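Novice: Now for the letters of each chain:
Number of protein chains: 2
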Amino acid sequence: MDTKDTLLVLSGGMDSTTMLYEYKERIGACVNFSYGANHNAREAECARANCRHLGIELIEIDLAFMGKYFKSSLLEGADAIPEAEYAPDNIASTVVPFRNGIMLSVAAGLAQSRRLSRVMIANHGGDHEIYPDCRPSFIASMGEAIATGTGNEVQLEAPYTLLTKNDIARRGASLGVDYSLTYSCYKGGEKHCGRCATCIERRQALLAADLTPDC
Amino acid sequence: MDTKDTLLVLSGGMDSTTMLYEYKERIGACVNFSYGANHNAREAECARANCRHLGIELIEIDLAFMGKYFKSSLLEGADAIPEAEYAPDNIASTVVPFRNGIMLSVAAGLAQSRRLSRVMIANHGGDHEIYPDCRPSFIASMGEAIATGTGNEVQLEAPYTLLTKNDIARRGASLGVDYSLTYSCYKGGEKHCGRCATCIERRQALLAADLTPDC
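Protein chains in written order, with the numbering used here: chain A, 23 to 237; chain B, 23 to 237.
Hints listed in this document are in silico derivations from the structure and should not be mistaken for laboratory results. Every clue listed holds true.
Treat identical chains as interchangeable: a pair holds within one or across any two.
The calculated SDA-like cross-link candidates involving lysine to any residue, where the alpha carbons are at most 25 Å apart (straight line), are:
id : residue 1 : residue 2
1  : K93       : E166
2  : K93       : S135
3  : K90       : A66
4  : K90       : R137
5  : K93       : S56
6  : K90       : A63
7  : K93       : L80
8  : K26       : I83
Owing to the predicted nature of the structure, the values given are computational and were not obtained by experimental measurement.
Bound conformation, chain A alone (with noise of 0.2 Å):
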C-alpha cells in the first residue's frame, strides 16, 4: 500500500517545516507558494533544503498577481512591515487577503491531480488568530469546500489548529528539527530583523522550547 497520499503546503518556516518532519512519512510532495512578500525568497531556500534533505519533491508555485493585485503591507516591501508584537492593531495590514484559501485550493487541485488523497497546512492558534483565514472556522469551512468541489477525492487536515507557536517549537525541538533551516522575518532580509512581530514570536517559541533564539 502505498502510503505517501499526502501533498504539503510548505512555507519554510518554523511551522510547517515542523509538520514535514513529523509527518514526513506520508508526505509524497510539499507545495510552496511565492506571492510576492517580503519574505517568500528566504522562506523557499528553507523549503528546498529540507526537502532535499528527506528527498521530498517539493513543486513552486509562483502566485505573482498577488504581489500585483493585492494589498497587504506584507506586498509592499520592508518598510511597511510594523515593529511591533502581534495585536490587532499593529498587524492587521500584514493580512494578505484569503491567502491561506488560495494557497489551500491550488493545492487541492494539484493533490487531485497527483492522486494525493490528503492536503496538509500548519496554520496554528494564538496570536495568529488576527488572521481570520488561520481559524478554526476557516479550516473546518474550507475542509468541506475541498471535500465537496473534489468529489470526495481530498480531504483537508490541519493538525497544528489548536496549538501555539510554543507548542510546535516544543514538538519540534523533541522531533530534532534544525529550525536554523526555516527563516520568518516578515521584512525578508539576510538575518532576521528581531523587531517584527513575527520574529518576536519565534524568539518567544525557541526559549519556551529551550532552544537558542537566533533574533
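The hints should help you fit chain B onto chain A, whose structure is shown.
Specialist: Only chain B this time, still in chain A's reference frame:
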C-alpha cells in the same frame, strides 16, 4: 451609496456573460482567468469586448501553473477533447481539478483587497453537475469558507446554481445579450467545433431561447 460592490468571475462564455448583463448595475469589476485551457484565449477576447462595451474594469489573471501541473484533457490540446454530449463517462476527462475553488479563492482575495463585498460566479445546474465544483453543496461550503476566511467582509453569490443552460439562454435573450460575443468550444478554435459537449449544449440552449445557433 456606492452600489458597485461586486466582483464577477467572467469567463467570456454564455453563462457569465449573461450574469454580467443581468447584474451590471452592481458590478464594480470583473476577473478573467487563463489556466492553460484550449479555449481561454478566445473566451478572454469575448470578456474584454463585453467589459469594454459596458465600461466595466476587467482584471486578467494568469494561472499558468495549472496548465503545467494539473491533469485534465482540457489542458492537453484540442485533440484530447471528447466529441459527445455531456455524460459522466466521456466528459470526466475535462474536469480541471478544483478549478472553481481556485478561481473563487483568488476572486475572494481580490474582492477584499478592492473593498468589494461580493463575489459572483455563473456556475449552473443541469448537465454541468458532472463537475463537483459546480454543485450546490460546493457553492454552499465555499461560500462559508470565503465568509469566515475574510472575516465576513466578502460573500459569495451564485444565483444560477439551480438553473439549466437553457434557462440562462432564455434569460439572456430577454436581456438582449449578444451571444456572438461569447465563446464556448472546448477545442478553442476560431469557430465553434459543433461536436464537443459544450458546443452541443450551446446549440441546444440557443435553440431553446429561440436564437439562431452558431455551432
